[in-house]
Amino acid sequence: MFENFDPRDGKRLQLLDENGNLNSEVKDLPLLTDIQVLQAYKTMIITREADEWAVSLNRQGRMPTYPPVKGQEANSIGSLMAVNNDDWFVQAFRELGGLLVRGVPLSMHYLYFLGNEMGSHYEPKKYHVLPISVPISSQLPHAVGLAYAELYKKTNKITLVFNGDGGTSVGDFHESLNFAGVWKAPVIFYVQNNQYAISVPRHHQTASTTIAEKAFGYGFTGVQVDGNDIFAVHAASRIAADHARKGGGPTLIEGFTYRLGAHTTADDPTRYREDEEVKEWKKKDPIIRLEKYVLNKKLITEKQIEKLKKEAKKQAHAAFEEADSFQKESLENTFRYTFKNMPPILEEQLRQRRELERGVN
Amino acid sequence: MFENFDPRDGKRLQLLDENGNLNSEVKDLPLLTDIQVLQAYKTMIITREADEWAVSLNRQGRMPTYPPVKGQEANSIGSLMAVNNDDWFVQAFRELGGLLVRGVPLSMHYLYFLGNEMGSHYEPKKYHVLPISVPISSQLPHAVGLAYAELYKKTNKITLVFNGDGGTSVGDFHESLNFAGVWKAPVIFYVQNNQYAISVPRHHQTASTTIAEKAFGYGFTGVQVDGNDIFAVHAASRIAADHARKGGGPTLIEGFTYRLGAHTTADDPTRYREDEEVKEWKKKDPIIRLEKYVLNKKLITEKQIEKLKKEAKKQAHAAFEEADSFQKESLENTFRYTFKNMPPILEEQLRQRRELERGVN
Amino acid sequence: MQALTIIAAVNDALMTEMQNDKNIVTFGEDVGVEGGVFRATVNLQKKFGERRCFDSPLAENAIVGTALGMAMGGLRPVVEIQFSGFVYPAFNQIITHVSRMRNRTRGALTAPMVIRMPYSGGIRALELHSESMEALFGHIPGIKVVIPSTPYDTKGLLISAIRDEDPVIFMEPKRLYRAFKQEVPEQAYTIPIGRAGIVQQGSQLTLISYGSQMKEAKEATALLHKDGISAELIDLRTIYPYDKATILESVKKTGRLLVVHEGPQSFGVAAEIIAMTSKDAFEYLEAPPTRLTGADTIFPLPSAEHHYMIHTDQIVKTARQIVRYQP
Amino acid sequence: MQALTIIAAVNDALMTEMQNDKNIVTFGEDVGVEGGVFRATVNLQKKFGERRCFDSPLAENAIVGTALGMAMGGLRPVVEIQFSGFVYPAFNQIITHVSRMRNRTRGALTAPMVIRMPYSGGIRALELHSESMEALFGHIPGIKVVIPSTPYDTKGLLISAIRDEDPVIFMEPKRLYRAFKQEVPEQAYTIPIGRAGIVQQGSQLTLISYGSQMKEAKEATALLHKDGISAELIDLRTIYPYDKATILESVKKTGRLLVVHEGPQSFGVAAEIIAMTSKDAFEYLEAPPTRLTGADTIFPLPSAEHHYMIHTDQIVKTARQIVRYQP
Ligand SMILES: Cc1ncc(C[n+]2csc(CCOP(=O)(O)OP(=O)(O)O)c2C)c(N)n1
Ligand SMILES: Cc1ncc(C[n+]2csc(CCOP(=O)(O)OP(=O)(O)O)c2C)c(N)n1
Ligand SMILES: [Mg+2]
Ligand SMILES: [Mg+2]
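Protein chains in written order, with numbering that gives the first Met the number 0: chain A, 0 to 360; chain B, 0 to 360; chain C, 0 to 326; chain D, 0 to 326.
Just so you know, the hints here were simulated from the structure itself, not pulled from any lab data.
Keep in mind it's a predicted model, so treat the numbers as computed, not measured.
Hints are not guaranteed to be accurate.
Claimed, not checked - Using 25 Å as the maximum straight-line C-alpha spacing, the simulated DSS-like pairs for lysine-lysine come out as follows:
#1 K152/B to K183/B
#2 K339/B to K243/D
#3 K21/D to K339/B
Just need the whole structure built from these sequences, with the hints factored in.
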């Protein structure tokens, strides 16, 4: 399916170049419709605004540690738009765009990073999204298991799972790709290769030329796409999704991208990377690129864009206020969800804690 | 270095065919000298006899669970003969032949399987061998660490480490190959692909066509060799060793082989594999093959072989008796090696146990 | 009724429940064609097909991790870890995901799954085939840890575990797998998780044990009774959440406590039982609460394993000392 | 002398020892150029080069496993696990190899290595960044577990750990990393592993804590003394092998015991201390030995973490109850 884009031949799939021009030579690849393009663009805008607002709230002391998404938006937005809404979406932690594609309220994302577990209470039947996974790559086996369950139930649903370049070093990555290969599990493994794992550059992470080529060692195909090109991301994901749905098994997609911001708000990237490098990557910003395209194609006007951004900002502010005013988690709730039914030993501990807190509060 | 034997092109290195004929076309590969061939043959004989004796002792109730090596001898013997005696040899648990190449007394191997820790007390400076590793593939990171240490100390020593086809599924396999790739660690990863992990056939283990090709995902080379052909095993190992010693980094060698016996003496392989298959593989027996070669080449006579086998049997019996009469591990020794110096809390527990046993024995 | 060994009771529980609930799947290393190295899953693949009972690649971490995915996807996986000494690669999945998914998502996603594994020593096995590290699991919030000691309890507890809406670590005393048979009903039945069993009533000493060590504990109890010492024998059955009520009631009656298990002493199961009792039955204790457990040493290879194990006469001896104790 | 924080003392210990012994190497995620996310290894790469201080790929299991290989190869690795909540992937290496190599080979091969990791909660961190699971390590035969609570102890204990011929898990109370400074000698010095520190003498109650919780324990001790209650405060410092002698001596003097820590209660560190004391100081206990610890629940995300933490006034309140206790 990706015959012409074998990463072992040094190929990378790009459809939209840095100047917003769509490559007209590439044939037979699923393209976003104009309506989808606009939708993608809008989602990218709100993602960017929401993300920047979170960073700025952190500086104001109103938001604990937060991992910015800036520069990587096209990856999760493009790929989520290529699958169905009831396909499973298994997050790493830098897929805010994808969450918004799924219709997860932005306030939930903020709520999570405000340190409230209710921010991960996505109704599975409604969203088909797994919570953010903090231990790197440990969510990959879950994706394979979910895919197996859907195969077993013959639902024709597939699973789309994310991790990072650093995450490819973890044993879970290997075991998950291997299980998926053997089970022919309908999974798309999407690696956001943003060139760093915190401070560790990609070449210290693995000696392979690309991440995509790792798939072949598991008996399936890998493809590298320009992760800042939403057309390429979407096309590859769409092909992989169709392939999986038809019983063809897993695909590995490497989104070649860059984190423009810090690893988290607690990180200072100037310690480990050159300004020059960041500057170069800024030119490849997925939003700038798509903006040029939609303007060129007259899908939107400058004015409308301005309005859109303003509204996005407002939306982000409102979502944060909503999250910030959400009821705080109670002592009871820190106990209640340990098990379905609270065993006596926990009930007793809860009583004791209540007793202790009485003297405190 | 293995340009002509890319496993992705379906190539497998074989030099000695099933009829004992050496392929004369293959050029530029390091061949065993006649003296080495004889040495290899003798080691294979003693390995086989020792192995069969262990199985038979188990049936007599004189030996606990034991994992036979039968049919796989060429792999560890051929590769160990390709490295230096002070290169590190990191065992899995089916490398008896390799141990004998290193000069480890057979009685130690028996002692270990008789359930005495002293059977793993290989003087490192003398043997450079790590003990048998029971948790599958968990020894691979140790090999990479050892290789790093030798790099650090600039000793020019390399590390040869073994695991099985089943073991390639474990996260440790991935992480170790990946670390080795990044560190350019002087390691040879030797996978004995004997087609099964207990009852699980190779195709349920991974969907890749070969195991050797997995190396490319880590930025280095993999090669598949006929693991029942000691010439091929030796040649590949030798090339990989030279490569590693010259700073070229790791190589993955897949020895394509077969376990002719049971997984362990507790296993009944007829449950999961066909007699027909075993019969086919018996024809490929590495010893029969080499026997034909040494006879053809008149390196040895039928009579000498007979004598050799008789002596090997005797040696095995004597080694076992030596192991069996070895001093039993004491209560004290089950405590003594927990730490260099026994902390008071353990001293106290030892006193208590001694007290308790007094009533018992 | 049928007379079954513990291992046959495991198989019977799986058979019974898989028949009842087609969302149950079981997998692990050698679980399919082979039917498990101990025969726990024998005939399941034949009966329920390769989709419901199958071999996985060799990777405990992924076995547990994919099982969790299946559980979140609506199945009820029961996975086998071939020996408890090989569960450690799966530790991260257990402690960071399996045990937390309900809490993390405030109940949106749960992990109804069972991780079965043979544990315990004394069978002259290879290294790492004799582990009793249940205390590690007991310390992890969000999982239940169950250890049966009889065929009857095995079937009832395993069915409870499978039906439980939360993840259960189910540790099977492999030393007793084929040690004896017991009448076991053919149909499904449950034994509640979180409740200990009183195996023998007594008045002078509370003897608590579980799993593999119950054999020696029972023998010791009988010997003690012959000697005129009335020991109350409790089979803990659930390591977490353990049955405080039964323990405390017994200790308040007997005033003396001995806890016996195979695993290492420090930070072990007995430590928890004794710490709890020392606090909650402080005024009732008439003798030092005592543990008789494995040492803080690595389980020896076969030739010296008898030095590690707790033997019946050692329990008797220790129990006598406790009963004789005068402050 | 220099006034250092705990994190600076970690760095200072590494600097000092790496200068003394060129076989020491240190690596882990972000340990090189970055100098560690907490700056524990800052300037080490600059000073000792990329061969001695470097970034590894992201895989805790391989970090520990390769370190063991290096140790067997004659180096003395000190590895960093970025947060103790990420050590679980390395569990198999720790429990099946690092802790056993000496015993397995009857001393032919050993594992002189240190696994450093920040632990403890209360810093409003992301999930799994607030773990206190030291009891898990305490239960593993063959490793030592050390937790300092002051800059002075940090340097002395870390140097001891590095020089130890056996593997040491070194858990650093990240909540206190920058909480205060203390005079720390510039040269190398050691504090013995396995010995607790008596922080404050007292006669009416033995208060035992360690690591991150020492801050509250000290405050509580001071408040109690103000109230006329003489509490003896012990800093455990070594979780295993812990200092029985110091604990018993104190409890025999005071007759009352309170153990305070952050980790979960059941099968936790306090359980061990109390079980041991209940047996070995049985006749001296004048009140139920009590634990004040984290609950058997998952450590909450920041907005509710204060519900999980043990606060100073809770220690004071509990201590008062114990001292007031009359049978
Ligand atoms: C098992 C584990 N180890 C360490 C960490 C700490 N950590 C958080 S993010 C990160 C780097 C991840 O890099 P990558 O996979 O490339 O994702 P990115 O942050 O670049 O999106 C690390 C080391 C963790 N979360 N989990
Ligand atoms: C981590 C772990 N899981 C399970 C086992 C039990 N076990 C012992 S050998 C084996 C199969 C190994 O297969 P392979 O790697 O192909 O080696 P082979 O036995 O064929 O030589 C298994 C599952 C183990 N020793 N370690
Ligand atoms: Mg990255
Ligand atoms: Mg095999």
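For each hint, the structure was consulted:
1. K152/B to K183/B: holds, 15 Å
2. K339/B to K243/D: Given that 25 Å is the threshold and the Cα spacing comes to 19 Å, the pair holds.
3. K21/D to K339/B: Holds - the C-alpha atoms of K339/B and K21/D are around 22 Å apart, at most 25 Å.
Checked against the numbered hints listed earlier, the structure breaks none of them; every hint is satisfied.
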